[in-house]
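J.: As a plain string of letters, each chain reads:
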Amino acid sequence: MLHSSIDRVASATPPAIAARVRGLSDRAIAWLFVAPSIVLLLAINIFPLIWTIRLSFTNFRVNRPNAPIEFVGLRNYLNILTDNDIWQSMQATAHFLIWTIVLQVLIGFSLAYLINKKFRGNDLWTTIIVLPMMLSPAVVGNFWTFLYQPQIGLFNYVVGFLTGNDPSSFSMIASTSLAPWAIVIVDTWMWTPFVMLICLAGLRSIPSSIYEAAECDRASKWRQFWTITIPMVLPFLMLAVLFRGIENFKMFDLVVQLTGGGPGSITELTSINLKRAAFEQWRTGYASAYAVILFVTVFGLASIYVKALNKVKQR
Amino acid sequence: MSSYSVTEPSGRQKWFAGSLVVLYAVITLLPLLWIIGTGFKSPEDAIAYPPKLIFEPTVEGYVNLFTTRTRVPEDQLKALGEPTTWYDKLVRKEGVVITGASRFAERFYNSVIIGFGSTVLCIVLGTAAAYAFSRFKVPLKDDLLFFILSTRMMPPIAVAIPIVLMFRSLGLSDTHAGMILLYTAVNLSLSVWLLKGFIDEIPIEYEEAALIDGYTRFQAFYKVVLPQAVTGIASTAIFCLIFAWNEYAFAVLLTSGNAQTAPPFIPTIIGVSGQDWPAVAAGATIFLVPVMVFTILLRKHLLRGITFGAVRK
Numbered sequence: 001m002l003h004s005s006i007d008r009v010a011s012a013t014p015p016a017i018a019a020r021v022r023g024l025s026d027r028a029i030a031w032l033f034v035a036p037s038i039v040l041l042l043a044i045n046i047f048p049l050i051w052t053i054r055l056s057f058t059n060f061r062v063n064r065p066n067a068p069i070e071f072v073g074l075r076n077y078l079n080i081l082t083d084n085d086i087w088q089s090m091q092a093t094a095h096f097l098i099w100t101i102v103l104q105v106l107i108g109f110s111l112a113y114l115i116n117k118k119f120r121g122n123d124l125w126t127t128i129i130v131l132p133m134m135l136s137p138a139v140v141g142n143f144w145t146f147l148y149q150p151q152i153g154l155f156n157y158v159v160g161f162l163t164g165n166d167p168s169s170f171s172m173i174a175s176t177s178l179a180p181w182a183i184v185i186v187d188t189w190m191w192t193p194f195v196m197l198i199c200l201a202g203l204r205s206i207p208s209s210i211y212e213a214a215e216c217d218r219a220s221k222w223r224q225f226w227t228i229t230i231p232m233v234l235p236f237l238m239l240a241v242l243f244r245g246i247e248n249f250k251m252f253d254l255v256v257q258l259t260g261g262g263p264g265s266i267t268e269l270t271s272i273n274l275k276r277a278a279f280e281q282w283r284t285g286y287a288s289a290y291a292v293i294l295f296v297t298v299f300g301l302a303s304i305y306v307k308a309l310n311k312v313k314q315r
Numbered sequence: 001m002s003s004y005s006v007t008e009p010s011g012r013q014k015w016f017a018g019s020l021v022v023l024y025a026v027i028t029l030l031p032l033l034w035i036i037g038t039g040f041k042s043p044e045d046a047i048a049y050p051p052k053l054i055f056e057p058t059v060e061g062y063v064n065l066f067t068t069r070t071r072v073p074e075d076q077l078k079a080l081g082e083p084t085t086w087y088d089k090l091v092r093k094e095g096v097v098i099t100g101a102s103r104f105a106e107r108f109y110n111s112v113i114i115g116f117g118s119t120v121l122c123i124v125l126g127t128a129a130a131y132a133f134s135r136f137k138v139p140l141k142d143d144l145l146f147f148i149l150s151t152r153m154m155p156p157i158a159v160a161i162p163i164v165l166m167f168r169s170l171g172l173s174d175t176h177a178g179m180i181l182l183y184t185a186v187n188l189s190l191s192v193w194l195l196k197g198f199i200d201e202i203p204i205e206y207e208e209a210a211l212i213d214g215y216t217r218f219q220a221f222y223k224v225v226l227p228q229a230v231t232g233i234a235s236t237a238i239f240c241l242i243f244a245w246n247e248y249a250f251a252v253l254l255t256s257g258n259a260q261t262a263p264p265f266i267p268t269i270i271g272v273s274g275q276d277w278p279a280v281a282a283g284a285t286i287f288l289v290p291v292m293v294f295t296i297l298l299r300k301h302l303l304r305g306i307t308f309g310a311v312r313k
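Here the protein sequences come in this chain order: H and S.
In terms of the UniProt record's numbering, the first sequence opens at residue 1 and continues consecutively.
In terms of the UniProt record's numbering, the second sequence opens at residue 1 and continues consecutively.
Think of the hints as simulated: they come from the structure by calculation, not from any bench.
No experiment lies behind these values; they were computed from the predicted model shown.
Wrong hints could be hidden among the right ones.
Unchecked claim - Straight line, CA to CA, 25 angstroms or less: simulated SDA-like cross-link-like pairs of lysine to any residue:
no., chain 1, residue 1, chain 2, residue 2
1, S, Lys141, H, Ala302
2, S, Lys137, S, Leu149
3, H, Lys117, S, Leu303
4, H, Lys311, S, Gly197
Claimed, not checked - Counterexamples of contact, computed for chain S against chain H with all Cβ distances above 12 angstroms:
no., residue
5, Ala79
6, Val91
7, Asp213
8, Asn258
All residues carry an ideal CB built from backbone N, CA and C; glycine is no exception.
So here's chain S without its partners, still in its complex pose:
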């Protein structure tokens, strides 16, 4: 950055480059904004032609997402009397009554439990392994590291059959514990590789000083190395969380009801006639927002995270 006087682009070049990038960003953003917008449309507005840019916002989609409803004939509807709550009122307009809660909240809860559970496990195992790979002479180090990386190349479906059989015989199928273990294994390669990169950057002299002061290896590890690695651990954790959060293939193959996460659920939200798009969009929005926030927080470490630290920015 210091002296690029010769290569510094001119003002016109910057303006040209900037406007092209902004154009692309706007195109990228459109589908996302459309998802968020559709979540606040009424079912009629969602399928209007031409697509509506300006509409009266409603939370009907969100109500539909969290409830199950049935259509009731006119006379029965009258017999029910006035709707008592605002959400009852909202669905009553369509001639529909709320009959119960949908399974979205449950699925979302599963996503949270499995996502965070596997992330914690991944970080604990990954930090230990990364520390050992970074600091000690582990026999067959390069081979082990490559082995860890190669586990990521397998298509999930390729190992799904025996995992189904294995989980069934261990009583782990369709359980939180099973899915946490599975996602930990899936993300462990990322966790070890990333954390090794971060720990490599902490000067070894700090630990040596601690060891000379009479700390044991463990004390040096958790009193000296861990505090220095906190940013690295945090960004690794968020990457593990995002991958577990978004995973679909294993969730759809290995879970059926009890431990199913949100990604297989959202596409199955059906309304009175076909897919209930405002509800789907509402579910997608609730599900996407945390990831969007993390992405913005993470942007400095983004590149490392998605490339296993193979490229450093």
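Here chain H stands alone, though its shape is the one from the complex:
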């Protein structure tokens, strides 16, 4: 396709230029190939980001486009950092992040370890386990509200059946103590397979000769596990945590549909809180400052983490 368009350019241009188009230097081709992508990313990612930063120093409101825009300096930032609601959503986000990562790493690694035993049909079961993470979080989140219904919901019924409780006696998404766990459960259901896949890749990358050598040295299975398996899988595991961390820090769709941030604001993660400020209260400048804080946080944490990851890799 590219070639034919170049031909068209070549045939439509005078000979001298045509010759140059045909015989583009490698360097020119490289630029020609890379430029469209870079331009698009600059236009739709970087330009808006810079705009967000600029707006964050103003009191601009999208729903009042004609009001004069005042520069307010760091006031938005100060307001955010002293706002209790925002600290509460930070806490909710931290709770969500920590528990999803802990559970997903534990279950994901165990599953990978078991699948690596190469039993019959493991390919089929692995594919089934992987399905949830390919689905739309919003659609899945919405349907889980049905599964979480007291009495009629499958989740409540099964849990009630297993624990001997009345399934209508508790509601995962309407109770302030259970709602944070409701989102942790769904996220774990969806994303454990991700951690599992990466751990599996890690486990399969360990050459069996190492185990054979350990076997010759009469190292116990337990010892082999802690001195070979874990250290060799660790870089993979850390990578999985990085990806999950970034994704869950931005978590929006699943939780919006599942609890909508409620009950009250107990599951109001930062991105839901941010959406509220930006698109319900229309405090554009304030929301922009909030967005900048979140971006800097995720970028900063990710950079520190990647450094640690590289250290582990080098060992």
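Could you slot chain S onto chain H? The hints should help.
T.: Here is chain S on its own, set in the frame of chain H:
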């Protein structure tokens, strides 16, 4: 795989591992099967207590998904006469008549257009960039690649405000073109990183041979490299499609009617009393099935796709 005699797990270990994994898989599968099953339940069966495992299947949910209906009083219903079609008959049981088409088909169509449009654009731009990054000395290569990756770290809401403003002034808000451009930008990082990995694996000698035979760079690119990269391009395309297909945040913030995709629509399906679960489940099923099929086709490349090729299987 060659010689793992010492480390090969015993039969009992395999059996134990297998049964635990199967148990987990069954737990994973339950909610999915429940979605698909609920789509074929009648509204009463869907909210029965205890939850019904065995029920009489009906396509009422699907009919409700694609139509809008109103409740009519008994005498008016009689005046309408006998229902003429099977779906009329189906909803008439509830004392309801079909008044028109719902917007699901439209939303689904939007999902298809925007999903495929952005995927094609993503692949064209991504393949070109990946080829250049893989084969040429691009100045600041590592920085550019990291920059491309970092665009993925931003929470969508963080850039949504200026994008709303920008799209509004460019006339792109709530249009297919706008959403295609946006999703292309969102998925481009994935596309470039993945395709670079695939192209890196094609031996450079093939192209060199072609160049010596008198091919130009472009000819070598599309006659030699592209055919070799087909599997890589196909799996990258499916990943881009799945991400665009499932995207919710931008769709809900940037579209209102014209270009809205299915994910924001499905949760809004309301029946006579609250959410119409069979219809929601029917919509979800129609929406999930393509992704499930792709997942099964893709399982070999899955890991690469979701990790930007950072981990190779």
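J.: Next step is simple, just say for each hint if it's right about the structure.
T.: Quick rundown of the hints versus the structure:
1. At roughly 21 angstroms between alpha-carbon atoms, Lys141 (chain S) and Ala302 (chain H) fall within 25 angstroms of each other, so this suggested pair holds.
2. For the suggested pair Lys137 (chain S) and Leu149 (chain S), the alpha carbons sit about 19 angstroms apart, so the restraint of at most 25 angstroms is met.
3. With a C-alpha separation of about 19 angstroms, the suggested pair Lys117 (chain H) and Leu303 (chain S) falls inside the 25 angstroms cut-off, and the hint holds.
4. The suggested pairing of Lys311 (chain H) with Gly197 (chain S) holds, with an alpha-carbon distance near 23 angstroms, which does not exceed 25 angstroms.
5. Against chain H, the non-interface label of Ala79 (chain S) holds: every CB pair exceeds 12 angstroms, the least being about 36 angstroms.
6. The claim that Val91 (chain S) is not at the interface with chain H holds, since no C-beta of that chain comes within 12 angstroms of its own (minimum 21 angstroms).
7. Against the 12 angstroms criterion, Asp213 (chain S) stays outside the reach of chain H, whose nearest CB is about 16 angstroms from its own CB.
8. The claim that Asn258 (chain S) is not at the interface with chain H holds, since no C-beta of that chain comes within 12 angstroms of its own (minimum 18 angstroms).
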